[in-house]
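Residue-level listing of the chains:
There are 2 protein chains.
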Amino acid sequence: MSLRHALLGLLAEEPASGYDLTRKFERVLQRYAWHAKNSQIYPELKQLAADGLVSIIETGPRGRQTYAITEAGQAELRRWMLNPPDVFLVRNEFVLRLFLLTAVEPDEARTLLSQVAADSAAALAELREQVEKFDATAAPGTTLPISRLVAEYGVRSFQTLHDWAFWAHERIGQVGTDPHPRVTADP
Amino acid sequence: MSLRHALLGLLAEEPASGYDLTRKFERVLQRYAWHAKNSQIYPELKQLAADGLVSIIETGPRGRQTYAITEAGQAELRRWMLNPPDVFLVRNEFVLRLFLLTAVEPDEARTLLSQVAADSAAALAELREQVEKFDATAAPGTTLPISRLVAEYGVRSFQTLHDWAFWAHERIGQVGTDPHPRVTADP
DNA sequence: CATTGACATGTTAAAATCTAGATGTCAATG
DNA sequence: CATTGACATCTAGATTTTAACATGTCAATG
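As you go down the protein sequences, you meet chains Y and D in turn. Residue numbering for the first sequence is 1 to 187, as defined by the working numbering. Residue numbering for the second sequence is 188 to 374, as defined by the working numbering.
Hint data in this document are derived by calculation from the structure and do not stem from the laboratory. Check each hint, because a few of them may be wrong.
Stated by the list, open to error - Derived coverage of chain D by chain Y (criterion: at least 3 residues anywhere in the stretch with Cβ under 8 Å from a Cβ of chain Y; other residues may be distant):
1) 230 to 244
2) 263 to 276
3) 311 to 319
4) 349 to 356
As the list claims (entries may be wrong) - With the Cβ distance kept under 10 Å, some of the chain Y side facing chain D (calculated, not the full set):
5) L8
6) L113
7) D163
For each residue, glycine too, the CB sits at the ideal point set by N, CA and C.
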């Protein structure tokens, strides 16, 4: 049950309402790390509050309830972070589809790979834009915040995916379809 | 419910028993693409059989039941493969922990990153060994099978993870701990 | 001032998944 | 020939997750 710790982790950064957290999941976490719907988030917040790991620190308009992590919550989050499992079990439908690519005709596989190359290029461009915006405003020579390090991992991952899709596309079947233009790394 | 399609995909490659499928999940799928326990696999196989997407083609010793995909199953698998979702939702506890790295002290984060670098180096070495063994036996100049393409994705992903962990480790806090030796790409 | 859309929190029933077993077969080993 | 370990299937109960709704508030817009 990683959802608890995902919520604790987000609340450790700053207090937030169920609505805020739902939007964070939708905007960033869900594409890279974890996904959860509001129908799961709200009950889990209540449970966390019942367990004393978070508490409501403010109630605002429209019934808004702002949660903050408690000291017990901090301790639990730390405990979890410092005790990773031996093997991480993965559920990634994208990679699953890669593994099952033999189930379609080579031509179709080529089409799918071409789509992967295009999608990853788009994701890469978007992430890179965010990163560059950040780097422009950040003071030079300063230590990078962890969020910037994580973003770097995203950029590198998408670049790898893109390169691979391009490479695999060229190797999979016959010629004919023209691939999407390849995106290269920044200088 | 991707489990159905994971099973269909594996059975499309070759007939197998629930036991065979469970082992395939344990040995390869679970680390990269999807994980499922036998307590989920056996009922799902029954359901697939009830739906006419697979059928028992052989019963062997120790009650072994070998399943094969049916034509209806092939059609369903193809339909699924050719209709990917707009966005892939991800559940990856490893990446989640990366996102939450701010929750621990810089020194602890460095230790964790160091561990990531070591683990990814090990995984990379293992995968590379398999790939090299395959490449040595494969006829040169032949078209690569899709499984080789997927393995290549694995190799590149782990190399990226390793490089990043090394890079992030150097940037995260102060000096002191000596990192694991860095693994570089093959020539 | 009516409408719209973002804000905001929930519930319920069904489906998927996990934990933790139970049960039995067969081949190889000492 | 007793033991061990891999082979092999299966279930029950609890937990997690999803899909699909249900309800209401407030700010901005025309």
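Hints and how they fare:
1. 230 to 244: violated (count 0)
2. 263 to 276: holds (count 9)
3. 311 to 319: That given contact is violated, which follows from only 0 residues of the region 311 to 319 of chain D lying within Cβ reach (below 8 Å) of chain Y.
4. 349 to 356: holds (count 4)
5. L8: With a closest approach of 8 Å, the Y/L8 hint holds.
6. L113: This hint holds: Y/L113 lies near chain D, its Cβ roughly 9 Å from the closest one there, short of 10 Å.
7. D163: Nearest chain D Cβ about 7 Å off; hint holds.
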